[in-house]
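Peer 1: These are the residues of each chain, in order.
Number of protein chains: 2
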Amino acid sequence: MEPIRIAVVGVGKIARDQHLPAIAGTQAFSLAATVSPHDPGPKGVPHLASLEELLEKGPAIDAVALCTPPQVRYGLAVQALKRGIHVFLEKPPGATLSEVVALRERADKVGVTLFASWHSRFAAGVAPARAWLAERKIEKVSIVWREDVRVWHPGQAWIWEPGGLGVFDPGINALSILTHILPRPVFLKAATLSLPENRAAPIAADLSMCDTGGAKIHMDLDWRQTGPQSWDIVVETDAGTLKLSQGGAVLSTPSGTEHNEDLEYPGLYSRFANLIRGGRSDVDMDPFRLVADAFLRGRRETVAAFND
Amino acid sequence: MEPIRIAVVGVGKIARDQHLPAIAGTQAFSLAATVSPHDPGPKGVPHLASLEELLEKGPAIDAVALCTPPQVRYGLAVQALKRGIHVFLEKPPGATLSEVVALRERADKVGVTLFASWHSRFAAGVAPARAWLAERKIEKVSIVWREDVRVWHPGQAWIWEPGGLGVFDPGINALSILTHILPRPVFLKAATLSLPENRAAPIAADLSMCDTGGAKIHMDLDWRQTGPQSWDIVVETDAGTLKLSQGGAVLSTPSGTEHNEDLEYPGLYSRFANLIRGGRSDVDMDPFRLVADAFLRGRRETVAAFND
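Protein chains in written order, with the working numbering: chain A, 1 to 308; chain B, 309 to 616.
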C-alpha cells in the first residue's frame, strides 16, 4: 500500500517531540509537508507558511495532523475537510464542544476521516487496565495529576487564554484514560477551579465525579508541583486495587506490575491509518465534555498571580 | 386510550404556572400526585414529600415531570427510570452535560422515554420560522434577551449557584429556538460572562457565534433590564428579515406578522405523550452544549454585587 501523504500543521513542541518522530517511524504515512508561519520543520521536507498556501500550491496531501493551539483548529479542519483531506486533531479536539460536533457532521457528510486523538489512551498500561476493570465492581477512583507548568508548557500564552483550558490541558489526558478504562459512564458532581488573578484559565482544580454505578471519583489537578511529578490513577475494586502511574505507562494490579514500552503516538498514527483505510471517523467527546462540565458547574476561586 | 398517570415533582413557580395547567388541560395525562417537601399541590390530588415515598407507597404512576432545580434532577430521574417510569425534564435537562448523556444511555437501555424539554421551541412563531428559514441563505442573526431577574426569578437562590446557569436560564430558551430554526449547526466563537462579585453565576453575557455556513450570530443576554423586556431574535436572509419577538410568540417576515395563541406547555405535553406512545426518547443537547461552551471558552468579568 502507498503511504498516506500527511502534512503536519503547527510545528511547536508537541509536533517536534511526538508527531514528526511517530510519522518518521511508520510506513503507513509519509511526511509531505510541514506548515507554520514561524517554526520550520525538518530539513528536506517542503515547508509552507499556511495551510491555505499548501492547499493551493501543493505538494499533494491525503491527510493533515493539526498540532496548533485548539483555538484555531476548527477553521483549519474545515479547509481540509472541504478538499476531502483526512484530519487528525491533537487534544483537545477544539476550543468548544459545538465546533467539534459541527466538524464531525461535516466529515460524515463528505465521507472523510476525522480523528479526535487522545494520546494517553495509547499509554502502555491503559488497554490492559481497561480489560482488567471490565469484570470488576468499581468502588472508588482517585486521580492525582500534579506537574510543573513551567517545565511542560514554558511560555505558552495560549494555554492561559479562554479556550486554552489551563490545567485541564494535562488533566484531560487523565479524563481520557478514566473514561476509557471504566466500564460505566462517568459524570461530574462538583468542581472547584483555582484561577490565578492575572489569568483566564485555572492553574488547579478539584473535581468530584461518579460513575452510573455509584463509584466515587476524585481528581486533584495542579500545575504548581515543583518536586516529583504525579500522573496517577488508583482504582479500588472488589478484586483489589489497580494503579496506573506515569501517565498510564505503568500498570499495577494485585498480580504484579507491568512496565511496557511507551508507544502513545505510534499507536495514534496506527489508529489514524486504520480509520482512513476503513473509511471511518473516531470522535469521542467524553473527556472534553467532562472538562466543559467542570467549567459549567465549577465554583471559581482566585489564587496568586502566575508569571512565567 | 387510558390517560398517562403523571406525578409533578417540584411544585415551584414553573410547575404552578405551566405544568399543572397544561396537565389539567389535556386528556392524554391525568395528574396522579404532586411531590415536594414544602409546597403542596392542588387540592384533591395525593401529595407526597419525596419521590422515594411516592414510589414506595403509591399511587401508581407511569411518568414524572421533574420541575425541581436542575442540580437534583439526575438522582430523581434515575429513581424513576429504574422503575420503568417515563421522565419529562424541565430545561435545562441537568446540571452537567455528562449526567444527561448518562441518563439518555440508561433510558435507551431500559426502553423508557426520556424527554429533555425546550418549551420555547413550542412558541407559536417557531415552527413557521423554521419552515421559512429552511430555504433561505442566513446572513446574520441578532438575539436580544433582556429581562428583569427580580420579576422572573424572585429569591431563587439556586439559580445563582454553580449548576444554576444564571442569566443562561432564560438565555438557553433563546438558544433552543436558534438551534431549532437555523438549518445549519451553530457553534460558539467567543463569549464574555459578567458575574456579580457576590454570585457564582453570570447576570449578563455577550456571545459571538456562527453557523457552519459562516453566518454571524450575536447574542446579548442581560438580567438587569428594568424597563420593557426584550426576547427578540432577528434573522437577516437573502429573502429579507425574519423577526421572532416576545420569546417566539410573534413572527414577522416580509409577508407580514403572525400572532398566534401561545401553547408552549400544551405542545410539550402533547409531544411527551407521543414519545411515550411511540416508545421513543428526545434528548437534544444542542442548547445546553452551547451554554457549556460559553462557560468553557468565555472570558469572565466581575460586575456590581446583586442582591434580591
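Bear in mind the hints are in silico, worked out from the structure with no lab data behind them.
Keep in mind it's a predicted model, so treat the numbers as computed, not measured.
Be aware that a few hints might be false.
Heads up, simulated SDA-like pairs for lysine to any residue below, C-alpha to C-alpha not over 20 angstroms straight-line [to be verified]: (1) B:497 <-> A:158; (2) A:216 <-> B:508; (3) B:497 <-> A:185; (4) A:82 <-> B:520; (5) B:497 <-> A:213; (6) B:497 <-> A:78; (7) B:417 <-> A:213; (8) B:497 <-> A:79; (9) A:109 <-> B:519; (10) B:524 <-> A:101; (11) B:321 <-> B:458; (12) B:417 <-> A:211; (13) A:189 <-> B:384; (14) B:497 <-> A:72; (15) B:524 <-> A:213; (16) A:82 <-> B:521; (17) B:417 <-> A:286; (18) A:216 <-> B:386; (19) A:109 <-> B:417; (20) B:497 <-> A:189; (21) B:524 <-> A:71; (22) A:216 <-> A:234; (23) A:189 <-> B:508; (24) B:497 <-> A:76; (25) A:216 <-> B:380; (26) A:109 <-> B:442; (27) A:189 <-> B:493; (28) B:497 <-> A:128; (29) A:109 <-> B:521; (30) B:417 <-> A:161; (31) B:497 <-> A:71; (32) A:109 <-> B:384; (33) A:216 <-> B:409; (34) A:189 <-> B:386; (35) B:497 <-> B:521; (36) B:448 <-> B:544; (37) B:448 <-> B:540; (38) A:243 <-> A:133; (39) A:82 <-> B:493; (40) A:189 <-> B:383.
Peer 1: Of the numbered hints stated earlier in the document, which are not met by this structure?
Peer 2: When the structure is compared with the hints, numbers 2, 3, 5, 15, 19, 20, 27, 28, 30 and 32 turn out to be violated.
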